[in-house]
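Residue numbers (this note's numbering), protein chains in the order written: chain A, 1 to 392; chain W, 1001 to 1322.
A few of these clues could be false.
Unchecked claim - Listed next, the stretches of chain A that the computed footprint assigns to chain W, with coverage defined by at least 3 CB atoms under 8 Å from CB atoms of chain W:
(1) 27-35
(2) 56-62
(3) 222-231
(4) 251-258
(5) 305-316
(6) 338-346
Source of the hints: derived by calculation from the structure; they are not laboratory data. Beta carbons are placed, not taken as given, at the ideal position from N, Cα and C, and that holds for glycine.
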Amino acid sequence: MSRVTRFAARDPGPAARIVGFIAHLRANGLRLGVGETQTALAALSHITASDPDQARRALKSVCAANSDEAARFDALFDSYWRNDGRVRERVTPSDRGGALRMQNTRDASGENSTMRGQIHAPEDGPGAAHGDGTGRLIASRTASLMHRDMRTFVSPQDIAAADSIARRLAQSLAYRRSRRRRAARRGDQLHFRRLIRASLSTGGEPLTLPRKKRPDRRVRIVALCDVSGSMTCYARIFLAFLAGLVRGDDATDAWLFHTRLVRISEALRDPDPLRALNRLTLLAEGFGGGTKIGKALEEFARGPARHSVNSRTMILILSDGYDTDPPEQIAAALARIKRRGGRILWLNPLKGWKDYAPVTAAMAAALPHLDLFAAATTLADLAALAPRLERL
Amino acid sequence: MSLVCMAEGGTGGQPPDPRSISGTVKEQMRMPDWRDLQAGMAERGYIAGDDLAMALHIALALERPLLLEGAAGVGKTEVARILAALKGARLIRLQCYEGLDAAQAIYEWNYPRQLLAIRAAAEGGETGAGVEARIFSEDYLLERPLLQAIRQAEPPVLLIDEIDRADEEFEAYLLEILSDFQISIPELGTITARARPMVVLTANGTRDLSDALRRRCIYAHVDYPDRAAELAIVQSRCPGTDAALIRQIVGFVQAIRREDLEKTPGIAETLDFAAALAGLGINDLTQDPVALQAALATLLKTQSDRAAIPTEVAQRLAGQAA
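Start from the sequences and build out the full structure, keeping to the hints where you can.
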């Protein structure tokens, strides 16, 4: 008895406690809506709710939606309902926890796009002073390197070349044959439903033969580009390349990662190429020093991938595979993305080097999950990709 | 110790007798309890874990689809079969695959028959409108699993097997059917379910399912059974087998599952293995290494897995299992 959580006396009642429990689960990352709360209450009315074991299993079947959540559920259940007899002050937690966290990320991204943006406004010269206090010296030095590199080394010709290659590439993998057939003027199968209708007027004589075929459906490209220190000298090519991909197709998504993941599709779609580059520079500068490929991919797999990756998605990772995170994290994240059904291509600038072998732990861990591992050292390498992607 | 008590009492006094609480509890007593369900399944040879039995109970009580996830060969499909047997309901199965479309999942018109009917009508001098009404009537409709399930007078068990093999579009379509239990056919109008089917979906993680589908379902993860459960399963399915051999078999399979294999054997494989050993007339796993290696064909289904468990390893595992 002592393990059971005590609830404060002013507490409204069982229904509110379930609401509180759902909020507790939500705060711990389970995706639950109002519908689940109702289902949970309904489920409890069909069992002997006074038995904690039954209640736990019933709530688990309603609230957990995959094996991860099912495995975590017991601990979450215990932490709410069997809190060693401690008094729980408020049953329905204020939304402070969640809101606080959301605010944090919003603040953080705001910082990238606005506050630091003022420091490095496009009018400033390259290598502007970073006078925003102590403790940021190293990060800002890296950032200023990025800054100069992207601004000065990208010649208009290079941008144009990378852009056109990217567009060609996007075209080569934009369509994939669907398996469901649709009416078409020329198709490989008869459209019987129409045929019967048409033959009604000719007394059962099928004079016209409507056909159907498999229509092409779009393949969506999601590109993730590493802009860490070790990738600096390739950043210009890759960013121009990403810009080409993104502008070629409205559905394409592009992300940068370094120590964090930032979406840059909007910035790249800016109609003015130079301003797009500036916006990008600002976004890129918010990042820290080291590379956290594993963390960034994990973040992608858990967040954006849930909505944007399906079986007709091609994920393009541009990175050299030098990572400070444990390699298992990369493998786990890639496996997660793969389960969503996408194809994963990894373009590594180092692979073009003579005698390169993917021996870094991160790269070795990633290899089994990749559909294609290709070199991307020069623009020519990127251009050579198109025929290989078509076959994929 | 009880949750309602925690909810009611607050200070944590005596746990109330469940019978005395209120009408809601009495109502629960009326319902077939989840333990009964579990026992009923066990009677028919399916040993369900507590989580699974509870999820099934909740799904039936709330009339929600049940989503079963787990590795291949842990008995997900079997749940639907047993449920159908238990309820005396018809089992309607829809096997999913990539490219599954409405014509195969819901309904299709019987085109050859329609053509013949039009011809016959033309010979008899019938007019167009009458013929049209006739050939797009129910007589000419071919029911596919989903439509079949909806049109049953008695609630059937609808098994949607390996939903993760179908593509996202089909999943979205399925969501619509699972929420309203009605299907519209342009020529006939909307057909609403006469009796709500009990829906069981299975998935083994070929791809992740959409959150929308997961949210609509009651979820249970079916895992490889632990030693005790597997013993019970083999005993109930292979009644003639010697108890000592069954212990050995289960111990051996449990040990093999801990090895690093490409394809971990499921319960179906364990049962095959037991049947194979019975066929080979083996009473002791350690007795004949050659026969054991031969019987392993029922457990290890890839070349690399066969290579990973050579005779010596198999003998060692069998020795430990005894």
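Status of the hints after comparison with the structure:
1. 27-35: Holds, because 3 residues of the region 27-35 of chain A bring their Cβ atoms closer than 8 Å to Cβ atoms of chain W.
2. 56-62: holds (count 5)
3. 222-231: Three-residue rule not met by the region 222-231 of chain A, so violated; n is 0.
4. 251-258: violated (count 0)
5. 305-316: holds (count 3)
6. 338-346: holds (count 3)
Checked against the numbered hints above, the structure breaks hints 3 and 4 and satisfies the rest.
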